[in-house]
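Colleague: All chains should be modelled from the sequences, with the hints used to inform the complete structure.
Residue numbers (the numbering used here), protein chains in the order written: chain S, -19 to 416; chain P, -19 to 416.
These are calculated hints, taken from the structure and not from any lab test.
Treat the hints with caution; some may be incorrect.
Identical copies go unnamed one by one, so any copy, or any two together, can satisfy a pair.
Claimed, not checked - DSS-like cross-link-like pairs, simulated, lysine-lysine; straight-line CA separation at most 27 angstroms:
{"hint": "1", "residue 1": "K37", "residue 2": "K(-9)"}
{"hint": "2", "residue 1": "K297", "residue 2": "K370"}
{"hint": "3", "residue 1": "K44", "residue 2": "K(-9)"}
{"hint": "4", "residue 1": "K297", "residue 2": "K374"}
{"hint": "5", "residue 1": "K297", "residue 2": "K364"}
{"hint": "6", "residue 1": "K297", "residue 2": "K363"}
{"hint": "7", "residue 1": "K37", "residue 2": "K297"}
{"hint": "8", "residue 1": "K392", "residue 2": "K363"}
{"hint": "9", "residue 1": "K171", "residue 2": "K44"}
{"hint": "10", "residue 1": "K98", "residue 2": "K44"}
{"hint": "11", "residue 1": "K363", "residue 2": "K37"}
{"hint": "12", "residue 1": "K374", "residue 2": "K319"}
{"hint": "13", "residue 1": "K370", "residue 2": "K392"}
{"hint": "14", "residue 1": "K319", "residue 2": "K98"}
{"hint": "15", "residue 1": "K98", "residue 2": "K174"}
{"hint": "16", "residue 1": "K98", "residue 2": "K(-9)"}
{"hint": "17", "residue 1": "K370", "residue 2": "K174"}
{"hint": "18", "residue 1": "K374", "residue 2": "K44"}
For reference, the chains in residue letters:
There are 2 protein chains.
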Amino acid sequence: MGARIEPRTLKGFRDTMPAEAAARNTMFRAIEAVFESFGYGPIDTPALEYEEVLRGKGGDESDKQMFAFDDQGGRRVALRFDLTVPLARFVAEHQNALAFPFRRYHIGPVWRGERPQKGRYREFVQCDADLIGAVGPAADAEILTMYARVFGALGVEGFVIRVNDRRILNGLLEANGVLEQAAPVLRALDKWDKVGREGVAQELRDAGLPPAAVEGVLAFPGCAGADDAATLAALERIVGATARGREGVDGLRATMRLVAAAGVPAAQVRVDPTIARGLDYYTGVVFEAALPSATGFGSMGGGGRYDDLASLYTNTKLPGVGCSVGLTRLLVALEEQGKLASAAAARSVLVTHPESGDPTASIALAAAVRREGFLVETFPEPKKHGAQMKFADKKGLRFALTVEPAGGVHGKDLRTGEAFDVRDAAGAADEMRRRA
Amino acid sequence: MGARIEPRTLKGFRDTMPAEAAARNTMFRAIEAVFESFGYGPIDTPALEYEEVLRGKGGDESDKQMFAFDDQGGRRVALRFDLTVPLARFVAEHQNALAFPFRRYHIGPVWRGERPQKGRYREFVQCDADLIGAVGPAADAEILTMYARVFGALGVEGFVIRVNDRRILNGLLEANGVLEQAAPVLRALDKWDKVGREGVAQELRDAGLPPAAVEGVLAFPGCAGADDAATLAALERIVGATARGREGVDGLRATMRLVAAAGVPAAQVRVDPTIARGLDYYTGVVFEAALPSATGFGSMGGGGRYDDLASLYTNTKLPGVGCSVGLTRLLVALEEQGKLASAAAARSVLVTHPESGDPTASIALAAAVRREGFLVETFPEPKKHGAQMKFADKKGLRFALTVEPAGGVHGKDLRTGEAFDVRDAAGAADEMRRRA
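Modeller: Take a look at the structure:
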């Protein structure tokens, strides 16, 4: 045998331990159930694609961060860096087999060789849902409704989906004569929450906007009213003179009305002029999920409408609207709000092994308690009882059961330390349900 | 804009379409529920590892098939080719944080650059569960019980877990004086099902076994009796004179007794002398999941006991026992047995969009029916009613609902073609539940 190899993971990569993986899976299942309740189906695409399919689609930064290499057959291949470019390739490749409007979700890992920082990894999971091949308020309202339902289903307290429309923003740019400077202006607006009015003003001046345009743009984020109707009226006053601005206000008003018709509480989806999602390719509605009560928390994801998903791969024009759940921040929010407490933990049981002799009765007890819906592990070896209980503690199990030599079952509630004695598996199950 | 790029996947890779992905997910959830009911928790490990962690651990074939390359930082990295080597690295790296015996399952993609053939891909999902840090019949019986429960939970008809023990096989080799030729003999025995007695005999002769040894080995697979007790007695007669053989028979007998104590029907787990799993590193119990009624179907996975999982990475001796579910064959079996019929399909609903005008009432109806537990999509645009119904057909939805201009809801059962008229969402839900 050769020298020992150090067991280590690559820089920027990490293992997911059972408790975290279980919490993550619970979250995924809740999100998937919401997506599926709106008719979205799962897809999967390969981790590896032809490099030419991916390169140049996510900007210079993505190109630089791509894990690309020559495979055994000399093909130039790369690991996907997001789920959107593979979706575009997928829809273009399979367009004849798909029913449009096409609704899909995709939860899967992506890889980016960026500089590792706290909380950022080179491999991470993305979670996207898109509705492709439809335009208009009903489509936009569907994504917003579904997005609100995701955070609602997970029990996130105080979340708000902040909504705006790129057409309104373009109306603002046009009204102030700065359509050509869209990119720096939207980027500046996006920082309103972080740097405030004066910070944005400075950035606009640095971008070379004339003072009147700076003032015009700055009037915009502050125009939010007491409710969406007031905000939309204010937006209309600012951008209503431009065709694109009017179209944006009318569209957003119709969208918000349908979100309300779907039963989403008004507090969960709000019109917010400061949302721009400046660096993205959106053309209509744009939105972000926020936790306004947690200052500086950042967004838990967002999304918006795009004109043409797959123009690089097909002549077919495929407009769409989609959302992306920011899983890392969402997990943090759920953890901070105590919403990750596992229902499974309350049902976890160790059945001990006799210190010596035949474990048949223990294994039969475990099987019977398992049939009652508990998650039951048996200690698989004849070890000292104390060592077995230490294992149950270290693993965080909730109950321990031991078959008594004279018959009957001795139980312990490992959270309270209380003991109980019952006749059999059914008695143990009743007692544990009562305590769970 | 540059030239269009052909939307294509790499040779040996493929997309998973929504219907297949949904069926696969349903299967995964059932498997995970069984694993979790035995106290196994999920883990995840990176797709990419240091190449030195993976190279040489799966044999020459694995090394040749590995997707290995230099990353942006000049590190030599590779995509994992199985989940066992990463598990060994994981346990060695985190051994102080884990509670032993450590139970984990892992469902995830692996990559092998093998020559693509029908039904074989360069990216595929593996599904493993292992119990690490315990020896003896209780541990072996647990894995066998859980493995039987997996196929039972999925409703696979006629499956049998065929069980043997490497110590019994080693006893056979010793009794016939061919311990040194273990590899070719076990490889030959593994083909008993495929090539029959004469084929195995030829292979043993080709391997250079003397005629008496060939006869001795050939007596073995045919020794299976009417039930496990008879088979174990026959095995004892053949190998009981050797210490390892006797240990194997005693161990397997104790293991089978505990499997029965856990309530597994005797027909689901059977002692079978022909099981050897010749190419693996097993040292004790070995098993395979078979569908004996489907001739030539092949195994749906298997597993066994190993002495030392992570000796390449740590001094700590970590014996274990594990199982691997062969997802591809299992999916085929489920499909052939009609067990993939989705419960979701019976709850899928399209709510149509008015051909013109305001969709508010449709969206409110959809939301109300969704709250009743149905999977409801709205048509998101004002298209001709016929086009909307064609969409529902193409997507395979079960029901369509349309808000009547005069009030009330018109429904259609798209499987039977029958129409129904109801007052509201609650009425529609009742009617659809009745028909589902």
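Colleague: For each hint, tell me whether it holds in the structure or not.
Modeller: Each hint tested on the structure:
1. K37 / K(-9): Intra 26 angstroms, inter 22 angstroms, cutoff 27 angstroms: intra and inter.
2. K297 / K370: between (62 angstroms within a copy, 21 angstroms between copies)
3. K44 / K(-9): Both: 17 angstroms inside a chain and 25 angstroms across chains, each within 27 angstroms.
4. K297 / K374: between (57 angstroms within a copy, 21 angstroms between copies)
5. K297 / K364: For K297 and K364, only the inter-copy Cα distance (20 angstroms) is at most 27 angstroms; the intra-copy one is 69 angstroms.
6. K297 / K363: between (67 angstroms within a copy, 17 angstroms between copies)
7. K37 / K297: within (17 angstroms within a copy, 49 angstroms between copies)
8. K392 / K363: Within one copy only: 18 angstroms inside a chain, 63 angstroms across chains, cut-off 27 angstroms.
9. K171 / K44: within (25 angstroms within a copy, 50 angstroms between copies)
10. K98 / K44: So K98 and K44 pass the 27 angstroms test inside one copy only (20 angstroms; across, 36 angstroms).
11. K363 / K37: Classified as neither: same-chain Cα gap 59 angstroms, cross-chain 33 angstroms, threshold 27 angstroms.
12. K374 / K319: Close inside one copy (22 angstroms), not across copies (39 angstroms); limit 27 angstroms.
13. K370 / K392: within (13 angstroms within a copy, 60 angstroms between copies)
14. K319 / K98: Answer is within: at 23 angstroms inside a copy they meet the 27 angstroms cutoff, but 46 angstroms across does not.
15. K98 / K174: Answer is within: at 20 angstroms inside a copy they meet the 27 angstroms cutoff, but 55 angstroms across does not.
16. K98 / K(-9): within (12 angstroms within a copy, 37 angstroms between copies)
17. K370 / K174: Neither: 48 angstroms inside a copy, 49 angstroms across copies.
18. K374 / K44: Classified as neither; 44 angstroms inside a copy, 41 angstroms across copies.
Violated hints for the displayed structure, listed by number in ascending order: 11, 17 and 18.
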